[in-house]
Amino acid sequence: MIVQVNNQTTDLIDENIETAIKSAAIEAFTDSPLAEELTTMSLKPKISILLADSREIKRLNRIFRNIDEVTDVLSFSALSTDEGYLSERLRSWHREKVGEEEYVNLGDIVLCPARAKDQAGDYNRCLKDELLFLTVHGVLHLLGFDHEEPQAEKKMFTLQRKIMSRLNLPLFKAGYVAIMGRPNVGKSTLLNNLIGTKIAIITPKPQTTQRMIRGVYSDSEAQLVFLDTPGIHQPTNKLGQFMLKEATQALLAADVICLLIEAGFKPVIKELEHRIITKAQELAKPVIIVLNKTDVAKKEAMLPLISLYSETYNLSTFVPVSARTGEGINLLIEEIKTKLPISEPFFEDYDYTDQTEKMLSAEFIREAILYRLEDEIPYGIAVVIEEFAEQVDDNGERTRVQISAAVLTERDSHKRILIGKGGNMIKNIGISSRQEIEKMLDCPVDLFLFVKVRSDWRNKPHHLRELHFDSTKYS
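For what it's worth, the working numbering labels the leading residue of the sequence shown as 2, then goes sequentially.
Worth double-checking, as some hints may not be accurate.
As the list claims (entries may be wrong) - Pairwise CB distance ranges (calculated):
{"hint": "1", "residue 1": "T313", "residue 2": "F389", "range": "45 to 55 Å"}
{"hint": "2", "residue 1": "T20", "residue 2": "K118", "range": "15 to 25 Å"}
{"hint": "3", "residue 1": "D443", "residue 2": "E97", "range": "53 to 63 Å"}
{"hint": "4", "residue 1": "Y86", "residue 2": "D394", "range": "37 to 47 Å"}
{"hint": "5", "residue 1": "E439", "residue 2": "P34", "range": "43 to 53 Å"}
{"hint": "6", "residue 1": "L13", "residue 2": "N67", "range": "19 to 29 Å"}
{"hint": "7", "residue 1": "E154", "residue 2": "P34", "range": "13 to 23 Å"}
{"hint": "8", "residue 1": "D350", "residue 2": "Q436", "range": "28 to 38 Å"}
{"hint": "9", "residue 1": "D443", "residue 2": "E150", "range": "26 to 36 Å"}
{"hint": "10", "residue 1": "D83", "residue 2": "T313", "range": "51 to 61 Å"}
{"hint": "11", "residue 1": "E387", "residue 2": "S308", "range": "48 to 58 Å"}
{"hint": "12", "residue 1": "S311", "residue 2": "E97", "range": "57 to 67 Å"}
{"hint": "13", "residue 1": "E439", "residue 2": "E387", "range": "14 to 24 Å"}
{"hint": "14", "residue 1": "P171", "residue 2": "D83", "range": "23 to 33 Å"}
To be verified - Below, computed lysine to aspartate or glutamate pairings styled on DMTMM-like, alpha-carbon distance capped at 25 Å:
{"hint": "15", "residue 1": "K300", "residue 2": "E335"}
{"hint": "16", "residue 1": "K23", "residue 2": "E101"}
{"hint": "17", "residue 1": "K45", "residue 2": "D32"}
{"hint": "18", "residue 1": "K340", "residue 2": "D220"}
{"hint": "19", "residue 1": "K155", "residue 2": "D220"}
{"hint": "20", "residue 1": "K59", "residue 2": "D130"}
{"hint": "21", "residue 1": "K338", "residue 2": "E328"}
{"hint": "22", "residue 1": "K163", "residue 2": "D83"}
{"hint": "23", "residue 1": "K428", "residue 2": "E391"}
{"hint": "24", "residue 1": "K23", "residue 2": "E103"}
{"hint": "25", "residue 1": "K156", "residue 2": "D350"}
{"hint": "26", "residue 1": "K428", "residue 2": "E387"}
{"hint": "27", "residue 1": "K428", "residue 2": "D413"}
{"hint": "28", "residue 1": "K286", "residue 2": "E336"}
{"hint": "29", "residue 1": "K98", "residue 2": "E37"}
{"hint": "30", "residue 1": "K267", "residue 2": "E328"}
{"hint": "31", "residue 1": "K156", "residue 2": "E336"}
{"hint": "32", "residue 1": "K267", "residue 2": "D296"}
{"hint": "33", "residue 1": "K156", "residue 2": "E349"}
{"hint": "34", "residue 1": "K440", "residue 2": "E391"}
{"hint": "35", "residue 1": "K155", "residue 2": "D352"}
{"hint": "36", "residue 1": "K422", "residue 2": "E411"}
{"hint": "37", "residue 1": "K340", "residue 2": "D350"}
{"hint": "38", "residue 1": "K299", "residue 2": "E312"}
{"hint": "39", "residue 1": "K156", "residue 2": "E345"}
{"hint": "40", "residue 1": "K440", "residue 2": "E387"}
I should point out that these hints are in silico values taken from the structure, not numbers from a laboratory.
Built from N, CA and C at the ideal position, the CB exists for glycine as well.
Given only the sequences and the hints, what does the whole structure look like? Please build it.
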């Protein structure tokens, strides 16, 4: 295979980089179906690579793409190809005789080292590695791959990652992202929107989240493992101590910290936000300030808040979002990606949470209780799934689930309130939670709720262990 490199930017590119570019082009082509096809025809491939300055690539964009921009890479295929295969038979003009060998011109790639140098830092790569990535990207375009549609993008980027790994330059990013902030600032709503499905319950009451919940977002470039933490507060019992420990452990485990604050807050830094930021900076962890509830906050109110945090902590990353409407979510995901380490994914791409169906069922029941009871009762409530029995058809498909759950409370008086007059309260709790559970399980559910008294369970270690509030694994 011939790879011809024409370097018009001698100040940026040395002989070692040119050699590496040639090797990357060969590696990207070698395992393609087209490479095998040309071998059977005793034909050798040829690619021309131009290293152009900003003015030249802008001129080419203007001529061939009708855009007046400096871009990082252009590909001009000489063959009709589709995802690595010839889509039309070769013609005589495709062939070129060089001595005893017969070559086929695959096309031309134009790289702009100046643009590559500018953007390499955004991806934590040096200029050489960025040019190798662009070379692989360009060769895949010559082979008929594109990223215009989601399925085509996934196929191209997956192949791209494999090639870069063979070059000892892995591209995929993965890491843990802690969603932190004061109680009731919208952390669980944000997590559900980031994941695209409900895995964390949401109520108007603070401290709804009791344990750290993992939510997994995966695409062709990265995997983001979100850690939804309990709101940081002063604990008053052993359960509260556990919740505070969960939030602290999330901060230690995370690669990126997303600190949620309300976009409408007055420009004042409270002790809680100060502690999170200073601890994150001590641990050298990047911090993204997520300004939530932009759908109700006045835009001009955000500027003093941004200015205060920027000047006080030398922070530069602020992302306005509405966790409720989803506005700004995609921008937040892209911003997080830039700060994640290079890594293989931790979970399969179809996994979206570490919460089991039993755990989520218990949480949906607790959510229904939190919505219906007075302020002093919900925090003494816990839910234990005692039975989760599935019925399946002859094909192994789930057709129905029977769930028995114990609702634990600390006092007999609370038990009476939970049951309600004539059993109406517990009946309505059951109806509401059953609807959420059926959505999740996608089948009918028979739900049976029983109320049990466990005096002072939030301070009893054996009760906390029974409810899995004793330990959490982070790896």
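Here's how the hints hold up against the structure:
1. In this structure the hint that T313 and F389 lie 45 to 55 Å apart at CB holds, the actual value being about 49 Å.
2. Take T20 and K118: their Cβ atoms lie about 19 Å apart, and the range 15 to 25 Å holds.
3. Checked against the hint of 53 to 63 Å, the C-beta distance between D443 and E97 comes to roughly 59 Å, which is consistent with it.
4. The hinted range of 37 to 47 Å is satisfied by Y86 and D394, whose Cβ atoms lie roughly 41 Å apart.
5. The beta-carbon spacing between E439 and P34, approximately 47 Å, falls within the hinted interval of 43 to 53 Å.
6. Restraint check, L13 to N67: a C-beta distance of roughly 28 Å satisfies the suggested window 19 to 29 Å.
7. A beta carbon spacing of about 20 Å between E154 and P34 agrees with the range 13 to 23 Å that was offered as a hint.
8. For D350 and Q436, the hinted distance range of 28 to 38 Å is satisfied, since their beta carbons lie about 29 Å from each other.
9. For the pair D443 and E150, the supplied restraint of 26 to 36 Å holds, since their beta-carbon distance comes to about 28 Å.
10. Remark: the range hint 51 to 61 Å for D83 to T313 is upheld by a beta-carbon distance near 55 Å.
11. Distance hint check: the CB atoms of E387 and S308 are about 54 Å apart, consistent with the given range 48 to 58 Å.
12. Checked against the hint of 57 to 67 Å, the C-beta distance between S311 and E97 comes to roughly 58 Å, which is consistent with it.
13. Checking the proposed 14 to 24 Å range against E439 and E387 shows it holds: the Cβ atoms sit about 19 Å from each other.
14. For the pair P171 and D83, the supplied restraint of 23 to 33 Å holds, since their beta-carbon distance comes to about 27 Å.
15. Taking the CA atoms of K300 and E335, the gap is near 22 Å; set against the 25 Å cutoff, the hint holds.
16. Simply put, K23 and E101 have alpha-carbon atoms about 23 Å apart, close enough for the 25 Å limit, and the pair holds.
17. For the suggested pair K45 and D32, the alpha carbons sit about 14 Å apart, so the restraint of at most 25 Å is met.
18. Between K340 and D220 the alpha-carbon distance is near 16 Å, which keeps this suggested pair within the 25 Å criterion.
19. Annotation: proposed proximity of K155 to D220 holds, straight-line Cα distance about 8 Å (limit 25 Å).
20. Taking the CA atoms of K59 and D130, the gap is about 23 Å. The hint holds against a cut of 25 Å.
21. Distance hint between K338 and E328 is fulfilled; the C-alpha atoms sit about 18 Å from each other, no more than 25 Å.
22. Between K163 and D83, the direct Cα distance comes to roughly 19 Å. Compliance with the 25 Å bound is thereby established for this hinted pair.
23. Straight-line distance between C-alpha atoms of K428 and E391 comes to about 22 Å, which keeps the hinted pair within the 25 Å bound.
24. In summary, the hint linking K23 to E103 is supported, as the alpha carbons are separated by about 20 Å, within the 25 Å threshold.
25. Between K156 and D350, the direct Cα distance comes to roughly 14 Å. Compliance with the 25 Å bound is thereby established for this hinted pair.
26. Restraint check for K428 and E387: satisfied, since their Cα atoms lie roughly 18 Å apart, inside the 25 Å limit.
27. A C-alpha spacing of about 18 Å is found between K428 and D413, which places the hinted pair at or below 25 Å, so the restraint holds.
28. With a C-alpha separation of about 14 Å, the suggested pair K286 and E336 falls inside the 25 Å cut-off, and the hint holds.
29. For the suggested pair K98 and E37, the alpha carbons sit about 20 Å apart, so the restraint of at most 25 Å is met.
30. Restraint check for K267 and E328: the C-alpha separation of about 22 Å stays at or below 25 Å, so the hint holds.
31. In summary, the hint linking K156 to E336 is supported, as the alpha carbons are separated by about 23 Å, within the 25 Å threshold.
32. Restraint check for K267 and D296: the C-alpha separation of about 17 Å stays at or below 25 Å, so the hint holds.
33. Between K156 and E349 the alpha-carbon distance is near 16 Å, which keeps this suggested pair within the 25 Å criterion.
34. For a cut-off of 25 Å, the pair hint linking K440 to E391 stands: about 15 Å separates their Cα positions.
35. Taking the CA atoms of K155 and D352, the gap is about 17 Å. The hint holds against a cut of 25 Å.
36. Simply put, K422 and E411 have alpha-carbon atoms about 19 Å apart, close enough for the 25 Å limit, and the pair holds.
37. A hinted pair counts as satisfied when its Cα atoms are at most 25 Å apart, and K340 with D350 qualifies at roughly 20 Å.
38. Simply put, K299 and E312 have alpha-carbon atoms about 21 Å apart, close enough for the 25 Å limit, and the pair holds.
39. Pair hint K156 plus E345 holds up; C-alpha atoms about 17 Å apart against a cutoff of 25 Å.
40. With a C-alpha separation of about 21 Å, the suggested pair K440 and E387 falls inside the 25 Å cut-off, and the hint holds.
The structure fails none of the hints (numbered hints given earlier).
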